[in-house]
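Novice: For the record, the sequence lines run as chains X and W.
Under the working numbering, the first residue of the first sequence is numbered 731, with each subsequent residue one higher.
Under the working numbering, the first residue of the second sequence is numbered 731, with each subsequent residue one higher.
Worth flagging that the hints you see were computed from the coordinates, not collected in a lab.
The reader is advised that the hints may include incorrect statements.
No copy labels: a pair is met if it fits in one copy or bridges any two.
Listed below are the simulated DSBU-like cross-link pairs for lysine-lysine, each with C-alpha atoms no more than 30 Å apart in a straight line [unchecked claim]:
#1 LYS860 <-> LYS916
#2 LYS924 <-> LYS860
#3 LYS771 <-> LYS924
#4 LYS905 <-> LYS781
#5 LYS860 <-> LYS824
#6 LYS916 <-> LYS811
#7 LYS758 <-> LYS905
#8 LYS860 <-> LYS811
#9 LYS860 <-> LYS905
#10 LYS811 <-> LYS924
#11 LYS924 <-> LYS758
#12 LYS811 <-> LYS771
#13 LYS758 <-> LYS916
#14 LYS803 <-> LYS916
#15 LYS782 <-> LYS771
#16 LYS772 <-> LYS824
#17 LYS781 <-> LYS757
One-letter residues, chain by chain:
Protein chains: 2
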Amino acid sequence: MPDLLRIGALVSGNGTNLQAIIDAIEKKELEAEITVVISNKKTAGALERTKKHGLNGIYLDPGNYENNREYEKEIVRLFGKNRVQWVVLAGYLKIITDELLSAYPDRILNIHPSLLPAFTGLHAQEQALKYGVKITGCTVHLVEAGLDSGPVIIQAAVPVLENDTVETLTERISKKEHQIYPQVLKWISTRRLKIDGRRVSILPSSSPSGNEIINPGGIV
Amino acid sequence: MPDLLRIGALVSGNGTNLQAIIDAIEKKELEAEITVVISNKKTAGALERTKKHGLNGIYLDPGNYENNREYEKEIVRLFGKNRVQWVVLAGYLKIITDELLSAYPDRILNIHPSLLPAFTGLHAQEQALKYGVKITGCTVHLVEAGLDSGPVIIQAAVPVLENDTVETLTERISKKEHQIYPQVLKWISTRRLKIDGRRVSILPSSSPSGNEIINPGGIV
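Looking at chain X on its own, in the form it has when it is part of the complex:
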């Protein structure tokens, strides 16, 4: 048996990024297993996906906990029980507290639909359209206490087109998200991610695949 990377995911919504990771695992592009998916929303589409793919999906009702810290203590307990090594935030709409951060230091990933540090927080695509940028994109980063401010692992750029709406721009960015999030997990599973303060680098592959994405959308 290979030593599979054990992933725990936190979700709140439809879970299309979770699906991209599930797909990469099922296609054997990513040697990992999602040992638990926890949702703070009962009706999250992401929970349907876990059921469909035979994964361990749990709805954890925040209403049963006194505050966010107590809630996260239970998350940490469930992650421990499922031997989670890395945490993936996949459309999780709650603020992360120190409970989770201290349990998984530099081991929590998030994906954000902008080229950070531009357009942090909610509705990044709408912010980008309102600002009038011509290029935006998405970012996978390590989670730290600040809002969307952790070390950047990978970014992908997409153009903003003349007649874009929030919907069309979101769809264009999502396609890139579904490429880069599994890519980062591949780097982690093959021990290629090197974190040195804010500088994250990717070590050379011992078995180059030829179609690896490092800087999608970035052209010299």
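With chain X held as given, fit chain W onto it using these hints.
Specialist: Just chain W, lined up with the frame of chain X:
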């Protein structure tokens, strides 16, 4: 005689972006003339370039003016005398005041070495390296009172590579700058730039050239 776009430039430094515009004009890719170049630095390399290309270059000593507004009144006077229609900031390191802004509303261009709104102000490339982004770039925008905050006309993305220094990253961004700044002036000279609040759009060309850059570095 065609009705040439009349450009006035403000410079402080080496003027490589000015050079890119001069080159585009000399190659007849851009139907425009630079009627005056004003430098606030006596030894600016940009002034050497104006001399070499037979352009009207002026060193205007800020020390002879009571304040920045008085200095700009003289700039506006010189621009008027040279019938300047659009103002190009090309490495001009002074803050623009309302004197110039009100004389040329929505007619002042700046280029900035980042994908705005990320990394405003000085040393944008160094800021990008310190943050640890994987994609950065450059932006041509209209100048308004805020710092690097005016409506975006075009952006170009470049990757940040593993061993980049401020110098190597600056050079990679500069190459894109030298493409996009003349490109914007071409749109202006052919009356294709449409400004609607913060939304800047490019009208279709009556004579498509086939090699136009609209979203360099942005890939769907």
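Novice: With reference to the structure, classify each hint as holding or not holding.
Specialist: Hint-by-hint comparison with the structure:
no. : hint              : in the structure
1   : LYS860 <-> LYS916 : between (35 Å within a copy, 25 Å between copies)
2   : LYS924 <-> LYS860 : between (36 Å within a copy, 16 Å between copies)
3   : LYS771 <-> LYS924 : neither (34 Å within a copy, 45 Å between copies)
4   : LYS905 <-> LYS781 : within (23 Å within a copy, 51 Å between copies)
5   : LYS860 <-> LYS824 : both (25 Å within a copy, 28 Å between copies)
6   : LYS916 <-> LYS811 : within (24 Å within a copy, 63 Å between copies)
7   : LYS758 <-> LYS905 : within (20 Å within a copy, 40 Å between copies)
8   : LYS860 <-> LYS811 : neither (44 Å within a copy, 38 Å between copies)
9   : LYS860 <-> LYS905 : both (21 Å within a copy, 28 Å between copies)
10  : LYS811 <-> LYS924 : within (27 Å within a copy, 59 Å between copies)
11  : LYS924 <-> LYS758 : within (23 Å within a copy, 49 Å between copies)
12  : LYS811 <-> LYS771 : within (21 Å within a copy, 67 Å between copies)
13  : LYS758 <-> LYS916 : within (11 Å within a copy, 50 Å between copies)
14  : LYS803 <-> LYS916 : within (28 Å within a copy, 59 Å between copies)
15  : LYS782 <-> LYS771 : within (17 Å within a copy, 68 Å between copies)
16  : LYS772 <-> LYS824 : within (14 Å within a copy, 56 Å between copies)
17  : LYS781 <-> LYS757 : within (18 Å within a copy, 63 Å between copies)
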